[in-house]
Amino acid sequence: MDKNHLAIEVDSLVKKYGDLTAVDSISFTINKGEIFSFLGPNGAGKTTTVEVLECLRKPTSGRAYVLSFDISKDQDEIKKKIGVLPQEFNTFDSLTVRENLQYFAGMFGSSVDIDSLIKLVDLEDKRNEQYKKLSGGLKQRLGVAMALVNDPEIVFLDEPTGGLDPKARHEVWNVIRGLKKQGKTVFLTTHYMEEAEVLSDTVTIIHKGKIVATGTPEELITRYGQRNLLILKNTDKAAVLLIETLGLEANFDSDAGDVKVTLNHSSDVSEIVKALTLKQIVFGELQLRRSSLEDVFLNLTGETLKEAETL
Amino acid sequence: MNRVLIDLKASFKMFFRSKAAVFWTLAFPCILILLFGAIFSEMDSKYSLYVQNQDQTLASNSFIEALNKTNAFNLQTLDPTIDATRYALDHELSYMLVIPEGFENDLGMSMNSSGATNATIEFIYDQSQTSATVVLGILNSVINEMNQVLSGGADYVVVQGETIAPKRFSFMDFFLPGMIAMSAMTTSIFTAVEISSRYRETGIFRKLATTPLRRIEWILSRTIYLIVVSFIGMGVILGLGIAFFDVKVVPDPLSLILVATTSMLFSGMGMILSRFVKDPETAGAAANAITFPMMFLSGSFFPLEQMPEFLRGIATVLPLTYANNGLRDAMIMGEPQRAIINTIIVTVLGIISLLVGAWITKWEEE
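Chains A and B are the protein sequences, given in the same order.
Add 209 to the 1-based position in the first sequence for our numbering, that's all there is to it.
Mapping the second sequence onto our numbering, position 45 (from 1) lands on 41, and the numbers just tick up by one.
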């Protein structure tokens, strides 16, 4: 079978640390040019997997190929063709943006145009600023630029927006979208559902070292997501009984004073409003919650992402 | 090699941008030198000096009294009937002074002949002991002053020593090589500990590991960097000594080799420390725990001979002792053979330490 279209191929990969199995026989493929997200809570095995693919760690068993190069034999070749933004990225504090890029370009013997990289991540105003003086978002953008100094075919971004505020996060997302436009394959690890949902061509959910689902975000939501949810804010408990007579599942959140209804069809909303009005049951704001990857995760693992991280 | 040069260039940029690094590496030893220089240049530390007065005359007693008034020595008198050399050997004295019988006569003749003849005193000393040479220097300068007062220049009294040509040493002559070795030690161990533990903690090692830079190239760059910084420290210390304290020591190839190997020795030790003590603060404290006693116990500031015997025993197992001794042998004593022995010891220890440090330094924890 022709595997030229594959950027990464992983087959039955296992990584153990003593008695702990961090990655438990996972297999997946990534096509060239796509944004592939590895979604899962902290400790799920995401970083271990990417570090094995980046040739930083040796697998306990299994095989993996990066651009058809074997990770157990061709480390030098692989390192030349990949770019890496490590988790909790840091670089030399007292070197400027430009100097940091020059340093890492020098390590690859690359003659990349540093100014165009600075422009790509929109750091032109900060090119002569020392790294330690940059904000979190700017640091991450520099980290992405540093992952590109060798003009890599695959870019590994490990939690690229961890700890960033929403504005900075969106700025980094724009940079990631720019990478796809340049034809690069992006391997993204994240525990942010929204990030995986808005950026990815393919999402693979990993939990306790095992892959539990893979597909496009839409496919996963359709296959594993919940039905949409209608939330009636500040509503009398009596609404629950009434809504149940319409054949819908409803429950009362006594803490918030909200009634939550699981919808079968979108037309259910008008039926509910009509019934409540008729019975003169007062309700506050109406909120419609679309099913998301969060629900997919919950359905597949029995835990919310937050719960999975605290376990 | 190109990657090593790139890393070196970046390291020096970072060094000169870090006020703390420049202070501790260059300014701190300067402050110590100025401070010690101000205290001890005027009032050199006192040495215990055993004196045997075989002459027992007015002149010899006056000479001893004059010597006492210089405040350079704590004088101890020795019974004139005993064999001075035997006594020095039995009591492990590094040096002693003997005023021979006939001193008064010789002095009288010397004064009558305006210095054509002279009265001699004997300085019995162990050449291998640094302090003996220092004391001989001080003794010579004291006697020169006496001659100056008595005659206006003619040598009425001379010191007869052993075969080596006596040299004049000031406290600063003695002190500067110790400071150079100490500076190479602290610069190398603290920088190695700081960089290794911080790069590991902040993930810079992980980032470097994703590039074609090899660990051995990085360690080579680090070693060269620390040797060069130690040379810069040596240059600054010598410059200060020459400018302010009239020090006349000149670095020769042996002293340069010693500074380089001292730097290697303590770079390796820093790498080993940061491998076992991973938290940067604790690693720094551990480096302090190693260097601080070493500064005081290996003769950086004061001659080992002034220390109690059990501390001298400890000094023999401290690598900095050999760096101090070697640098003094090479730079002020003019004892190349002893300097070579010390250089060989430090070089062997330096290579072992660096190899172990390089071998156990990991960029990534498994």
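Keep in mind the hints are simulated off the structure, nothing from the lab.
For clarity, every value in this text was computed on a predicted model and none was experimentally measured.
Any given hint might turn out to be false.
Stated by the list, open to error - Think about it this way: if two alpha-carbon atoms lie no more than 27 Å apart in a straight line, the pair counts; the simulated DSS-like pairs of lysine-lysine are: (1) B:Lys274 to A:Lys341; (2) B:Lys358 to A:Lys282; (3) A:Lys335 to A:Lys390; (4) A:Lys335 to B:Lys5; (5) A:Lys267 to B:Lys358.
What the hints assert, rightly or not - Over 12 Å on every C-beta distance to chain B, these chain A residues come out as not near it, computed from the model: (6) Leu265; (7) Ala356; (8) Met402.
Using N, Cα and C, we set each Cβ at its ideal position, and we do this for glycine too.
Hints and how they fare:
Restraint check for B:Lys274 and A:Lys341: satisfied, since their Cα atoms lie roughly 23 Å apart, inside the 27 Å limit. Note on B:Lys358 and A:Lys282: the hinted pairing holds, with a Cα-Cα distance of about 20 Å set against a maximum of 27 Å. With a C-alpha separation of about 24 Å, the suggested pairing of A:Lys335 with A:Lys390 holds against the 27 Å cut-off. At roughly 22 Å between alpha-carbon atoms, A:Lys335 and B:Lys5 fall within 27 Å of each other, so this suggested pair holds.
For the given pair, A:Lys267 sits about 14 Å from B:Lys358 by alpha-carbon distance, which is consistent with the 27 Å threshold. The Cβ of A:Leu265 sits about 5 Å from the closest Cβ of chain B, inside the 12 Å cut-off, so the non-interface label is violated. Not every CB of chain B is more than 12 Å from the CB of A:Ala356 (nearest about 8 Å), against its label as outside the interface. Under the 12 Å C-beta cut-off, the non-interface status given to A:Met402 relative to chain B holds; the minimum distance is some 25 Å.
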